[in-house]
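*Asks:* Sequence:
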Amino acid sequence: MLLVRAGCPREIPLIGKGWLLSMLLQGFTMRISSVGCDLVSLCLPPIDVPAPEQPELFLKKLQQCCTVFDFMDTLSDLKMKEYKRSTLNELVDYVMVSRGYLTEQAYPEVVKMVSYNIFRTLPPSDSNEFDPEEDEPTLEASWPHLQLVYEFFIRFLESQEFQPSIAKKYIDQKFVLQLLELFDSEDPRERDYLKTVLHRIYGKFLGLRAFIRKQINNIFLRFVYETEHFNGVAELLEILGSIINGFALPLKAEHKQFLVKVLIPLHTVRSLSLFHAQLAYCIVQFLEKDPTLTEPVIRGLLKFWPKTCSQKEVMFLGELEEILDVIEPTQFVKIQEPLFKQISRCVSSPHFQVAERALYYWNNEYIMSLIEENSSVILPIMFASLYRISKEHWNPAIVALVYNVLKAFMEMNSTLFDELTATYKSDRQREKKKEKEREELWKKLEDLELKRGLRSDGIIPT
Numbered sequence: 001m002l003l004v005r006a007g008c009p010r011e012i013p014l015i016g017k018g019w020l021l022s023m024l025l026q027g028f029t030m031r032i033s034s035v036g037c038d039l040v041s042l043c044l045p046p047i048d049v050p051a052p053e054q055p056e057l058f059l060k061k062l063q064q065c066c067t068v069f070d071f072m073d074t075l076s077d078l079k080m081k082e083y084k085r086s087t088l089n090e091l092v093d094y095v096m097v098s099r100g101y102l103t104e105q106a107y108p109e110v111v112k113m114v115s116y117n118i119f120r121t122l123p124p125s126d127s128n129e130f131d132p133e134e135d136e137p138t139l140e141a142s143w144p145h146l147q148l149v150y151e152f153f154i155r156f157l158e159s160q161e162f163q164p165s166i167a168k169k170y171i172d173q174k175f176v177l178q179l180l181e182l183f184d185s186e187d188p189r190e191r192d193y194l195k196t197v198l199h200r201i202y203g204k205f206l207g208l209r210a211f212i213r214k215q216i217n218n219i220f221l222r223f224v225y226e227t228e229h230f231n232g233v234a235e236l237l238e239i240l241g242s243i244i245n246g247f248a249l250p251l252k253a254e255h256k257q258f259l260v261k262v263l264i265p266l267h268t269v270r271s272l273s274l275f276h277a278q279l280a281y282c283i284v285q286f287l288e289k290d291p292t293l294t295e296p297v298i299r300g301l302l303k304f305w306p307k308t309c310s311q312k313e314v315m316f317l318g319e320l321e322e323i324l325d326v327i328e329p330t331q332f333v334k335i336q337e338p339l340f341k342q343i344s345r346c347v348s349s350p351h352f353q354v355a356e357r358a359l360y361y362w363n364n365e366y367i368m369s370l371i372e373e374n375s376s377v378i379l380p381i382m383f384a385s386l387y388r389i390s391k392e393h394w395n396p397a398i399v400a401l402v403y404n405v406l407k408a409f410m411e412m413n414s415t416l417f418d419e420l421t422a423t424y425k426s427d428r429q430r431e432k433k434k435e436k437e438r439e440e441l442w443k444k445l446e447d448l449e450l451k452r453g454l455r456s457d458g459i460i461p462t
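Each step along the sequence shown adds one to the number in full-length UniProt numbering, with nothing skipped, and position 442 is 442.
Don't take each hint at face value.
[As the list claims (entries may be wrong)] Now the in silico label distances, taken between C-beta atoms and shown as ranges:
#: 1; residue 1: P144; residue 2: M368; range: 47 to 57 Å
#: 2; residue 1: V333; residue 2: P250; range: 20 to 30 Å
#: 3; residue 1: P396; residue 2: N364; range: 22 to 32 Å
#: 4; residue 1: Q160; residue 2: S76; range: 33 to 43 Å
#: 5; residue 1: M96; residue 2: V333; range: 28 to 38 Å
Worth flagging that the hints you see were computed from the coordinates, not collected in a lab.
All values derive from a computational prediction rather than experimental measurement.
Glycine included, each C-beta is placed from N, C-alpha and C at the ideal position.
Generate the whole structure from the sequences, applying the supplied hints.
*Replies:* Structure, rendered in C-alpha cells:
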C-alpha cells in the first residue's frame, strides 16, 4: 500500500524510486521545500483535453490516485488530500459520460488503483465487547477518498464499454476474496458500497459465480460455528436474495444444501436481529422457487426455536407467518401438527408479546383459510391452551384476542368445538377431584405424623 506523509525532508515512505522516476518522466513535478517533501505540483491538466489525448491522461490520473494518505493524522497533507479528492471526483464524472476511454490498457490500472485504496487490514474494534446492536460503529477515517473510489469502480463496472472478457484477468478469485473480507468493516457506508460492487461482479463474471457463492457459504459457516462475529452478514444475505431469485429450476442439490445446512442454522446466533429480515427474505425466495422445501425449512426452524429469548421468538413467529403466506395447501398438511404445537406453546407464553404475535396469525386471511380447511386437526391441538388462557391470563389484551380466536374456531366447526369444550370441562373436573384427593391424602399423612410425634414424646393423643 502506498502512503505519502508530509514532513519527511529526506525520504518518501513506501513510494519506491521507480515509481517516483515514472512520475517525473510522465510530466509530474515535485517541489521539495525546507519543511519536507510536498507533492503539490502534480500538474496534470483537467481531463477535458482533446479526445485522442484523454485515454492517456485517464491512465495518468489513475496512477496518481494510487497514493494513499494517512487520515488518522487530520492535519497532514491537507492540500494533497484535497487534490486527490478532486481528481477522484473528476474520474467519477469522466467514466459516467465519456466514450472510448476504456482501452485494454486501462483495465489493470483501474483494478490497481481500486486495490491500493480499498484493500487494507481492517482496524480492530475499539472494544472487545463491541455490541453492534448497542454500540456505535467505528467509521472509516479515509471515507472522503474511499467513497469516491467505490463510486468510480461501480461506474466502471456498469459502463457500456466494460468487457468482462478483458477484466477477468484482473478481477479474479483473489480480488473477490479480498473484497469479501472487507464486508467485516464496521462502517455501514462501506458495506453498502461493497454490496453493490459484489452484486455487479456476480452479474458480469459468470466464471466467478460459483466461487462467490462458495466463499459466502464459508463465511456464514465460520460465523455460525466459530466466531459469531462478522459485520456484513446482512449485506451478504441481501445479495443472496437477488442470487436466489435468479436460480434456474429445478434447483441444484448444492442450493438446497445451502438452504438447510447454512441458512437455517444462521437462526441460532445471538445477533439474529441484525440480519433477520434479509435472512427471512432468502428463505421465502427458496420456498417460492421450490415449495417442496417447506417441510425441511419449518422443521429446521422448530428444531432451533429459541427457548429463553422472547425477542427471538417474536422474530421466528414473524418469519413463520411470511412462510405460511406462500405455503401451498399440500405442504401445509405435512407440517401442521408440529407447527401448531409450537404455536400453542407460544400462545401460552407468559410474555405477552410472544402470545400476541402468535394470536395475530388469526388476522391473516390466507392462514385462516388453511386453518379452516384443517380445523379437525388444528382445533384439538390449540383448544386446551386457548380455553385456559381465556380464564387465567394476566393480560386483558391477550384474553380479548383469545376470545376472538375461540369464536372463529366455534364458527368453523361448532360440533367439534362443543365436544372439545365438554371434554376439557370433564378433564378439569377430574383434575380437581384428583387434586382434592391428593390434598386429603397429604392431610391424613400429616395427622399420622403428628400423632407419631406425640407418642414419641409420651403424650397420648385424644
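*Asks:* Could you check the hint for me, namely that P144 and M368 are 47 to 57 Å apart, CB to CB?
*Replies:* holds (54 Å)
*Asks:* For the hint 28 to 38 Å, verify it against the beta carbon of M96 and that of V333.
*Replies:* violated (55 Å)
*Asks:* Holds or violated: the 20 to 30 Å window for the beta-carbon distance between V333 and P250?
*Replies:* holds (22 Å)
*Asks:* Just to be sure I understand the hint, the distance between the Cβ atoms of P396 and N364 should be within 22 to 32 Å; is that true here?
*Replies:* holds (23 Å)
*Asks:* Quick one: are Q160 and S76 within 33 to 43 Å, going by C-beta?
*Replies:* For Q160 and S76 the Cβ distance comes to about 40 Å; the hint holds.
Figure legend: structure checked against the earlier numbered hints; the only hint not met is number 5.
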